[in-house]
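Number of protein chains: 2
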Amino acid sequence: MNAITLKNNQLALSNVTKPVLKANHVLVKINQAGICSTDLEIVKGYVPNFDGVLGHEFVGTVDEIGAGISQDILEKRVTATINVGCNSCAVCAAEGAEHCPDRTVIGIINRDGIFAEYVSVPQENLVFIPADVPDELAVFTEPLAAALRIREQLCVPPSQSVAVVGPGRLGMLVGWALSLSGNEVVMLGRREQSLDLAKKWGLSTGLTADIADNDFDFVVETTGNEAGLAHALRITRPHGTIVLKSTYAGPANVNLTKLVVAELNVIGSRCGPFEPAVRLLTTPQAQKILDMIDGRYALSDGLAAIEKAAEPGVRKILLKP
Amino acid sequence: MNAITLKNNQLALSNVTKPVLKANHVLVKINQAGICSTDLEIVKGYVPNFDGVLGHEFVGTVDEIGAGISQDILEKRVTATINVGCNSCAVCAAEGAEHCPDRTVIGIINRDGIFAEYVSVPQENLVFIPADVPDELAVFTEPLAAALRIREQLCVPPSQSVAVVGPGRLGMLVGWALSLSGNEVVMLGRREQSLDLAKKWGLSTGLTADIADNDFDFVVETTGNEAGLAHALRITRPHGTIVLKSTYAGPANVNLTKLVVAELNVIGSRCGPFEPAVRLLTTPQAQKILDMIDGRYALSDGLAAIEKAAEPGVRKILLKP
Chain A
1 MNAITLKNNQ LALSNVTKPV LKANHVLVKI NQAGICSTDL EIVKGYVPNF DGVLGHEFVG
61 TVDEIGAGIS QDILEKRVTA TINVGCNSCA VCAAEGAEHC PDRTVIGIIN RDGIFAEYVS
121 VPQENLVFIP ADVPDELAVF TEPLAAALRI REQLCVPPSQ SVAVVGPGRL GMLVGWALSL
181 SGNEVVMLGR REQSLDLAKK WGLSTGLTAD IADNDFDFVV ETTGNEAGLA HALRITRPHG
241 TIVLKSTYAG PANVNLTKLV VAELNVIGSR CGPFEPAVRL LTTPQAQKIL DMIDGRYALS
301 DGLAAIEKAA EPGVRKILLK P
Chain B
1 MNAITLKNNQ LALSNVTKPV LKANHVLVKI NQAGICSTDL EIVKGYVPNF DGVLGHEFVG
61 TVDEIGAGIS QDILEKRVTA TINVGCNSCA VCAAEGAEHC PDRTVIGIIN RDGIFAEYVS
121 VPQENLVFIP ADVPDELAVF TEPLAAALRI REQLCVPPSQ SVAVVGPGRL GMLVGWALSL
181 SGNEVVMLGR REQSLDLAKK WGLSTGLTAD IADNDFDFVV ETTGNEAGLA HALRITRPHG
241 TIVLKSTYAG PANVNLTKLV VAELNVIGSR CGPFEPAVRL LTTPQAQKIL DMIDGRYALS
301 DGLAAIEKAA EPGVRKILLK P
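So the sequences go chain by chain: A and B.
Everything in the first sequence is counted per this note's numbering, starting at 1 for the first residue and increasing by one.
Everything in the second sequence is counted per this note's numbering, starting at 1 for the first residue and increasing by one.
Hints were generated in silico from the structure; no laboratory data involved.
Do not rely on the hints blindly, as some may be mistaken.
One copy or two, either will do: identical chains are not told apart, so a pair holds if it fits within one copy or between any two.
Said to hold, decoys possible - SDA-like cross-link-like pairs, simulated, lysine to any residue; straight-line CA separation at most 25 Å: (1) Lys258 x Pro101; (2) Lys258 x Ser37; (3) Lys258 x Arg270; (4) Lys258 x Arg111; (5) Lys258 x Val156; (6) Lys258 x Asn8; (7) Lys44 x Arg234; (8) Lys258 x Ala90; (9) Lys44 x Ala252; (10) Lys258 x Asn110; (11) Lys199 x Asn183; (12) Lys199 x Pro101; (13) Lys288 x Ser300; (14) Lys200 x Ile109; (15) Lys320 x Tyr297; (16) Lys308 x Ile293; (17) Lys258 x Phe50.
Since we're looking at a predicted model, the values are computed, not measured.
Modelling step: build the complete structure from the supplied sequences, incorporating the hints.
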């Protein structure tokens with residue numbers, strides 16, 4: 001089958017063997033895949049020695065099932081959580097598969113991803129997609145869950161002022177998700193043009209450099225770059241909270257004096273809950289998420305799609321096998 | 001009067017004018033002063049354009065009082081909280097003088113410190129020292145309060161494993177304070193010799209480099225250097241907490257990937273509550289804090305005292321006018 005693979009830091013459209021079905025696994029035929037910033041970071045070398053099929057945002061159809069799995073799920077539309085824990089260690093029990101030291105992660109750590117025609121996933125990772133959520137919306141389940149993760153970790157009182165640094169593919173979902181409970185959310189970008197979509201969605205906007213020091217209670221950093229983090233530190237008020245939603249590839253050179261002196265709370269945030277994300281995708285207002293689609297490519301054009309996704313200002317690029 | 005001053009980055013023993021008493025202020029005759037790492041950082045340039053008398057850890061005797069202050073406090077032994085807010089802004093009201101943007105800080109920001117014969121402090125900053133706390137112990141009130149600040153900010157369940165990176169002048173107080181409610185506290189140092197005092201105090205100890213990854217629930221970083229922070233990130237378990245107790249002079253070059261991927265909580269921590277610190281200093285077990293005194297100098301020998309305090313492994317150096 002066709003797949004976008006990375007091996008020895010070489011990205012390629014490859015012909016790979018269709019996955020062999022294992023016990024407790026399900027073979028899913030990919031309907032749509034989304035390219036995210038983590039994929040682009042992996043291409044740049046964020047995961048040393050990555051070797052396999054890339055990609056982890058998808059919606060598909062159950063095509064084959066392993067032994068002992070009910071036939072009822074055949075032909076159902078699904079996506080899947082991406083972390084696969086060992087299910088036997090203390091970390092799996094206490095903190096979940098997301099933090100298992102021996103975990104595999106679909107398309108990220110030691111497990112083939114979904115830029116392919118088929119993927120094999122453990123049955124327990126499956127999340128079913130309701131009929132009223134079309135494929136092009138369902139493909140946003142994983143990043144929307146990541147946005148919702150913030151509310152799983154922290155109380156964000158609706159009266160707190162919220163800024164999201166970076167109006168990109170993750171930032172927009174974070175801003176929208178945090179606005180749903182009444183918070184005023186200000187999307188911050190480096191250029192006016194980057195804020196057009198936020199304005200269309202009715203979110204407040206601002207140029208990051210124009211924001212006064214200590215202006216926000218709660219700041220979400222989604223850019224994954226040092227400058228974004230420096231701004232987040234600068235604009236957060238004493239005793240305020242910063243959520244880091246993007247991994248930083250390599251060491252960051254950052255002045256942490258403000259963190260200590262203003263007694264800030266900085267919290268890392270990664271994968272989130274899929275079921276709440278799917279519930280939100282069934283609401284009428286979620287239709288606006290389709291605005292984020294900046295390109296649709298065939299899987300066979302995957303290399304061009306990844307190149308497009310890496311252009312500044314581009315949000316979601318979809319891949320269809 | 002004699003004072004240790006810093007002007008144009010030049011440390012000196014100077015003859016300065018005795019402070020003029022202002023309304024709502026009290027003139028305190030210094031009995032003992034302590035040298036802390038922040039003083040050494042200021043000497044190295046941490047506070048740009050610092051110009052005045054250094055020092056903020058002290059115990060003294062009320063010598064003169066401003067208009068409208070009760071005579072009853074004359075001759076009382078006191079120390080003082082170090083932040084002086086404007087008392088009229090929203091930050092003072094909501095977060096306290098410690099975070100007022102226009103605050104002065106004794107010996108740190110735009111206010112003369114206590115490496116002198118006298119200091120003038122606002123009456124509302126005074127904290128009285130009970131008769132059973134000798135001067136050489138009372139001088140530890142400010143750093144012990146800073147250690148207790150951690151329990152003002154966070155719940156540290158007694159069953160959580162706690163590591164303190166850096167068995168220095170602040171680290172020892174942090175380790176002792178956190179051990180008082182039943183937590184096992186492991187003091188971590190770079191050299192065996194640095195752990196002798198921790199062992200004498202009955203705290204667990206370890207060499208930082210020997211600690212396995214993800215080994216602690218709760219880690220306090222007290223070294224203020226990049227290597228200490230890198231270790232703290234390394235040894236904290238997924239979903240664990242890191243408290244930064246030391247300011248970092250200048251930018252830190254640090255890999256923040258673990259913070260995001262393991263969803264750590266990093267919180268800055270600064271000045272703490274004085275009254276609880278004084279209460280602890282009246283307990284028999286607090287006598288051990290006197291073990292931290294590594295030298296006693298006359299104020300007139302203050303330059304030598306500061307040099308001594310900057311030597312590796314040296315903890316508290318006292319200055320007596």
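Hints and how they fare:
no. : hint            : in the structure
1   : Lys258 x Pro101 : between (32 Å within a copy, 12 Å between copies)
2   : Lys258 x Ser37  : between (28 Å within a copy, 17 Å between copies)
3   : Lys258 x Arg270 : both (24 Å within a copy, 11 Å between copies)
4   : Lys258 x Arg111 : between (40 Å within a copy, 20 Å between copies)
5   : Lys258 x Val156 : both (21 Å within a copy, 23 Å between copies)
6   : Lys258 x Asn8   : between (40 Å within a copy, 24 Å between copies)
7   : Lys44 x Arg234  : between (29 Å within a copy, 24 Å between copies)
8   : Lys258 x Ala90  : between (36 Å within a copy, 19 Å between copies)
9   : Lys44 x Ala252  : both (16 Å within a copy, 24 Å between copies)
10  : Lys258 x Asn110 : between (38 Å within a copy, 18 Å between copies)
11  : Lys199 x Asn183 : within (16 Å within a copy, 50 Å between copies)
12  : Lys199 x Pro101 : neither (41 Å within a copy, 32 Å between copies)
13  : Lys288 x Ser300 : neither (28 Å within a copy, 72 Å between copies)
14  : Lys200 x Ile109 : neither (37 Å within a copy, 46 Å between copies)
15  : Lys320 x Tyr297 : within (6 Å within a copy, 76 Å between copies)
16  : Lys308 x Ile293 : within (12 Å within a copy, 63 Å between copies)
17  : Lys258 x Phe50  : between (36 Å within a copy, 18 Å between copies)
Of the hints listed earlier, those the structure fails to meet are numbers 12, 13, 14, in rising order.
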